[in-house]
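As given, the protein sequences belong to chains A and B, one line each in that order. Residue 124 in numbering that gives the first Met the number 0 sits at position 125 of the first sequence, and the numbers go up by one each step. Residue 202 in numbering that gives the first Met the number 0 sits at position 203 of the second sequence, and the numbers go up by one each step.
Simulated from the structure, these hints should not be mistaken for lab results. Be aware that a few hints might be false.
Residues from chain B shown here face chain A by an in silico Cβ test under 7 Å; the list is partial [stated by the list, open to error]:
#  : residue
1  : Pro82
2  : Gly85
3  : Asp118
4  : Val130
5  : Gln131
6  : Leu159
7  : Arg163
8  : Gly165
9  : Leu180
10 : Gly182
Note that the coordinates shown come from a computational prediction; the quantities given were computed from them, not determined experimentally. Built from N, CA and C at the ideal position, the CB exists for glycine as well.
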Amino acid sequence: MSEPAPIASSAASPAQAQAPAPGPGAAAAPGADATPLLELRGIAAGYGSMQVLWDIDLSVAAGECVVILGANGAGKSTLLRVALGLVPAMQGSVWLRGEDVSQLRTDRRVARGIGFMTEVGVFPELSVRENLLLGAYRLGAKQARANLERTYAAFPLTAQFRSRPAGSLSGGQRKLVGVAKVLMGDPSLVVMDEPSSGLSPVAVHEVVEVLRGVEQSDVSLLIAEQNTAFLGLAQRAIVIEGGHRRFEGTVDALRDDAALKRAYFGIE
Amino acid sequence: MVLYALISGILIGLFYGFAALGLSLAFGVLRVVNIAHGDVIVLGSYLAYELSTQAHLNPLIAIPVAIPVAVVIGLAFYRLIAPSLGRSKDPEMLSLILFFGVSQVIEALATIGFTVNQDTLLTGPVGNGSVQILGQTFPNYEPVAAAVAVPGALLVMLYLYRSRLGLATRALMSSRADALLAGIDVGRTSALSFGIALALAASAGVLSIYVNGGVNPSQGADLTTTAFAVVVIGGLGNPGGALAGGLVFGLAEQFAQSYEPNWAGLVPYALLLAVMLAKPEGLFGRRARYA
Ligand SMILES: Nc1ncnc2c1ncn2[C@@H]1O[C@H](COP(=O)(O)OP(=O)(O)OP(=O)(O)O)[C@@H](O)[C@H]1O
Ligand SMILES: [Mg+2]
């Protein structure tokens with residue numbers, strides 16, 4: 000109950016935001032300036048006795064956007080679930096700002112400023128307003144109401160449909176409500192599982208544009224995707240294939256890797 | 000006769016809805032049917048019986064006595080079973096078996112304590128007088144049952160739909176993982192809901208000893224069945240639906256009793272099957288869960 004107060008996005012220090020992204024395999028010493036916001040070290044995970052991830056390293060620096068690419072069943076969602084504590088790691092550890100949170104319950108990790116948007120993204124039975132309030136649940140009733148006004152202004156759609164069940168909105172509208180909901184919690188890191196799933200190209204574009212705004216507000220992003228449209232937001236990417244990390248590096252390096260592009264995305 | 004069946008159906012139906020509300024709440028949060036729900040109702044009936052016959056108090060006093068006891072037992076019991084459920088590969092099956100065991104234990108204990116005989120209270124909750132409503136005469140327990148059920152259910156609805164903890168509870172009913180991700184303490188919220196569910200069952204038991212003409216240790220299974228039918232008619236996992244389902248069930252039963260008494264026991268269940276075939280999500284249920 001008495002966890003240290005979470006650090007809201009507004010508190011993310013500019014010094015951290017401008018820190019250079021750590022190079023591959025850089026296990027920054029805790030407390031150093033380059034301490035990543037989120038770091039996964041040597042993660043192995045699975046369901047029951049079936050292992051689906053092997054030795055995955057990943058880090059997200061403050062202010063950075065990292066995309067996880069991979070085909071269906073590659074293990075992207077599983078990796079995100081491990082980061083949030085929804086699936087236990089068989090091996091490896093999860094670090095938040097230099098603190099080992101591997102043994103911490105999901106709600107406690109959330110309390111430290113990670114927001115997670117699942118593929119569904121919203122509570123479909125609950126109204127848009129209730130969804131938004133739940134996004135800020137950890138902040139308490141007063142802060143939640145204050146953030147609600149801010150969100151209605153930033154996402155007019157949420158004000159317009161505030162009383163509608165979130166499940167009655169279109170796929171694209173639902174994703175935008177999902178983004179608005181996760182931002183309600185003033186996270187310093189937003190983790191998203193396939194924000195593009197089920198969206199038309201136009202709606203994907205709209206979500207990407209909204210996320211561009213989020214990125215500019217110094218919120219870090221970790222996005223699992225198959226859709227390469229999200230690469231435009233990212234500084235770095237990792238590619239997972241069959242549960243193994245096949246690539247880690249800058250987005251430019253990924254774009255230059257023609258073989259990789261052909262193999263995983265069928266794009267020339 | 001129409002008017003009598005209508006009023007009686009509404010009064011008894013309100014009781015049915017109230018008696019099923021806890022089952023609906025426990026199902027919504029735990030995703031399992033609490034088979035012991037009816038046995039907790041039976042315990043509520045026995046508490047009323049003892050208070051009345053041994054302590055010579057008004058049996059309705061059993062309600063404020065039962066509520067805190069049931070909440071505490073519910074909290075403790077949830078904390079007891081949660082670790083095993085968390086570790087289980089099939090928590091639904093495990094909790095079904097657990098609740099079945101609890102139901103058998105309560106029935107056995109009640110038999111030891113009170114024998115298999117039916118116990119009845121000879122005096123109504125407010126004396127033996129009858130009550131006139133729109134020119135029809137009813138035993139006083141019918142309006143009393145409704146007068147307890149309505150504010151009781153209203154309080155639960157206020158909790159669920161107007162409080163912060165209630166919002167967390169409904170989020171949990173929608174998706175446990177997403178509730179965790181909202182930073183909700185899922186364990187505490189579940190435990191509290193289960194405690195409230197038991198308190199509702201025990202309170203309904205205090206009324207049940209009148210409405211069902213007495214109490215006996217093996218009544219629990221029937222009461223669970225009735226509550227389950229009410230919840231399914233109204234829509235699983237939707238507490239408001241349980242109340243509406245209770246009204247439908249009560250009206251069906253009372254109309255059948257007025258016109259075809261031999262068929263009265265069958266009609267509500269025939270209705271249940273009809274509802275399942277025509278509208279599987281229940282008369283007042285929302286659409287099936289997404290994703
Ligand atoms: N709840 C689960 N129980 C058992 N196995 C699972 C579960 N979820 C995923 N898996 C398995 O784990 C592997 C990785 O799945 P995961 O959902 O992480 O992939 P993904 O990259 O997110 O795929 P997609 O792009 O289709 O969402 C798959 O083989 C899948 O079958
Ligand atoms: Mg996935």
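Item to check | Hint numbers not upheld by this structure, sorted from lowest to highest | outcome: Numbers 1, 2, 3, 4, 5, 6, 8, in rising order.
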